[in-house]
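Participant: What follows is each chain in one-letter form.
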Amino acid sequence: MSKKIDFVIEDLSLVRKHSPLVHNITNYVVMNNTANALLAVGASPIMAHALEEVEDMITISGVLVINIGTLSEPWVLAMEKAMKKAEILKKPIVLDPVGAGASKFRNDSLKRLLDSASPSIIRGNASEILATLSSSGKTKGVDATDSVESAIETGNKLSELTQGTVVISGATDYILNGSTTYKVLNGHPMMTKVTGLGCTATALNGAFAAIQKDYSRAAFSAMVVMGIAGEMAQKKSAGPGSFQMHFLDALYSVNENDIKSYYKEE
Amino acid sequence: MSKKIDFVIEDLSLVRKHSPLVHNITNYVVMNNTANALLAVGASPIMAHALEEVEDMITISGVLVINIGTLSEPWVLAMEKAMKKAEILKKPIVLDPVGAGASKFRNDSLKRLLDSASPSIIRGNASEILATLSSSGKTKGVDATDSVESAIETGNKLSELTQGTVVISGATDYILNGSTTYKVLNGHPMMTKVTGLGCTATALNGAFAAIQKDYSRAAFSAMVVMGIAGEMAQKKSAGPGSFQMHFLDALYSVNENDIKSYYKEE
Amino acid sequence: MSKKIDFVIEDLSLVRKHSPLVHNITNYVVMNNTANALLAVGASPIMAHALEEVEDMITISGVLVINIGTLSEPWVLAMEKAMKKAEILKKPIVLDPVGAGASKFRNDSLKRLLDSASPSIIRGNASEILATLSSSGKTKGVDATDSVESAIETGNKLSELTQGTVVISGATDYILNGSTTYKVLNGHPMMTKVTGLGCTATALNGAFAAIQKDYSRAAFSAMVVMGIAGEMAQKKSAGPGSFQMHFLDALYSVNENDIKSYYKEE
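So the protein sequences, as listed, match chains P, B and U. Residue numbers for the first sequence follow the working numbering, beginning at 49 and rising by one. Residue numbers for the second sequence follow the working numbering, beginning at 49 and rising by one. Residue numbers for the third sequence follow the working numbering, beginning at 49 and rising by one.
The set of hints was computed from the structure by calculation and includes no laboratory data. Don't take each hint at face value.
Identical copies carry no separate label here, and so any pair may be met within one copy or between two of them.
Unchecked claim - With a Cα cut of at most 20 Å, we get these calculated DMTMM-like pairs of lysine to aspartate or glutamate:
(1) Lys159 x Glu197
(2) Lys283 x Glu208
(3) Lys152 x Glu313
(4) Lys283 x Asp163
(5) Lys152 x Glu100
(6) Lys152 x Glu103
(7) Lys52 x Glu103
(8) Lys261 x Glu128
(9) Lys52 x Glu313
(10) Lys152 x Glu314
(11) Lys159 x Asp104
(12) Lys139 x Asp306
(13) Lys186 x Asp306
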């Protein structure tokens, strides 16, 4: 068994031991799921978006999670303020560029966020990562082919730009930081049939980054736990409704034995 | 077996084949359910409400779904803008006048929305449909009795006004457009014990209108699928909690055989 | 069997008989859960927060429930307006000071709300109740120890200030009004692993206050029903996902026999 599986086991037990406060400024669609997933895995969620209180909230939290799913101007302002404060406080920042590329407003907002502070981790699917890199305004000639190689190249460019970790979600997840590349093979296609599981993955990245300063390792552990919980849930599910329920149960109950029996590596 | 059941089977398979993008500007309470129901039935939800991006979002989507459940002024402005753009782009617009009649603000907002563009489909319960017609400011002497006949008359008047389809939900659903009337007998009273299932019905109307240009037929197919999924769910449920879960599973799994075995007609 | 259990049985049957309209101005995270819990127990939820319509909504409702979980300035303004109107209309007001003490903005907002009208019931955990008392600006030397005695003293001070009922949630719930003290021993620790169950408790307090003018008794009945539903759910659950589902089913199905068999008293 590889050493990497020990990272997952150790990091999960740290989340449960320290129950880190995770400050989320996220979208309306997934707030409830995200909070429940964080509770289930052992962390403590805070949802707060008012300009007047985001600085107080990140101050008492271990990590800031920013998700642009249902953006509007007041929320962008709060995100900028919270990211600047998190950077000053040296707290990790995790960014989910939901729907990047789908509108000019979303791309412009992403640029503003990237100009506010450098995310420790950015997690998205391949097209969101590509659009985030383009939105940064600091790159030219982004290659838009659909190949895995192209996605990895894009992710590494974004990682170079932010000096942080980039997670590209998909059938296989890639965790990139310019030097190390982690692959995560766990997961199940049913996870794409439930809204907001990408957002949940991002929030879990936050919980793990709060207790593990090697952020690429934190992202790796989070994505493995996520994928294994998905596989455990799928075994008991008759569709996306029951999947959601079993997924939360699995995040809550997943233990060392489960990780050892489900973990996949090439 | 009537021809109408074939509409349902064909339209459901078209939703699953084309997986239409459904742009929702909807209420906070139901965003998560709505997105999950759309995913479960085979469509692709977009939730976006910022004035700055609604035009971009409807441009890439197949249909616009407007729901006034938790209205405030910035959202009304975004709804007006999105509806105008959808009309220019000749995309269908589906409107859910949640709580019409409950406040002056809601009625005034409905008038503004109806003045922005004509919905292809309006779906509500009988009192919401009545209040929508009154709110339009283009009718007098609306009859407020509780009879089915009165509800149908109101629905047909609203249909005449919008030149679109009107769906009146209830124990029996009526789909009206001035000429054809469809009745839907499927469904279960437990559906009124789960928040937002009316909103889910509206969103499904949107998914079906994106793939079926005969909007009354699209509404009919959507309401039958909704009702059958409700009956399938109820069989396995011990209350509204488990009903919700089984309902999503049923939307995901409902197939031609289920439709044939559950479909009811007078 | 004590008389108090009869309060619970009678009040629950009144909620189901009258299905009171409960006007909630609450947070984004829990809106869906709260609405579903109110429907499951037999009440009728309204979620509406626009400044333009909160007065209309409380006018048609039996009770106002205010929850500060995801506060921002426009929502505080609407809460103030709704509370003033509720006081004029002599409708009960139930306040949930979620996260009180976590930010200056939250504390300042609480002071504004307490200055707008006196809540009939305030429900929070011990630290929220303490922070609410401090925020009122009308107390000095609040004792911040963690003892139960200290929490009760704080609750009674807050009750004296508002001339209302104060519910302190915890392993044991305390319902205080300066003279009577009710204790609720029902409940299960799994309830802390699901987001928003405190908010659900507050909303149930609202439903019961709408049909029971003795607000301390109403709070007691609501908290017992809540706790018993939690215990019933836990018996069938494998984690927080399935717990949520069974909890809604239990709120829907809990009956006199369940209450008699689960109710605990010292």
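Participant: Indicate, hint by hint, whether the structure satisfies it.
Facilitator: Structure-based check of each hint:
no.	hint	in the structure
1	Lys159 x Glu197	neither (25 Å within a copy, 53 Å between copies)
2	Lys283 x Glu208	neither (39 Å within a copy, 51 Å between copies)
3	Lys152 x Glu313	neither (39 Å within a copy, 48 Å between copies)
4	Lys283 x Asp163	neither (43 Å within a copy, 50 Å between copies)
5	Lys152 x Glu100	between (27 Å within a copy, 8 Å between copies)
6	Lys152 x Glu103	between (28 Å within a copy, 10 Å between copies)
7	Lys52 x Glu103	neither (35 Å within a copy, 46 Å between copies)
8	Lys261 x Glu128	neither (23 Å within a copy, 44 Å between copies)
9	Lys52 x Glu313	within (9 Å within a copy, 51 Å between copies)
10	Lys152 x Glu314	neither (39 Å within a copy, 51 Å between copies)
11	Lys159 x Asp104	between (24 Å within a copy, 18 Å between copies)
12	Lys139 x Asp306	neither (31 Å within a copy, 48 Å between copies)
13	Lys186 x Asp306	neither (43 Å within a copy, 54 Å between copies)
Of the numbered hints listed earlier, those contradicted by the structure are 1, 2, 3, 4, 7, 8, 10, 12 and 13.
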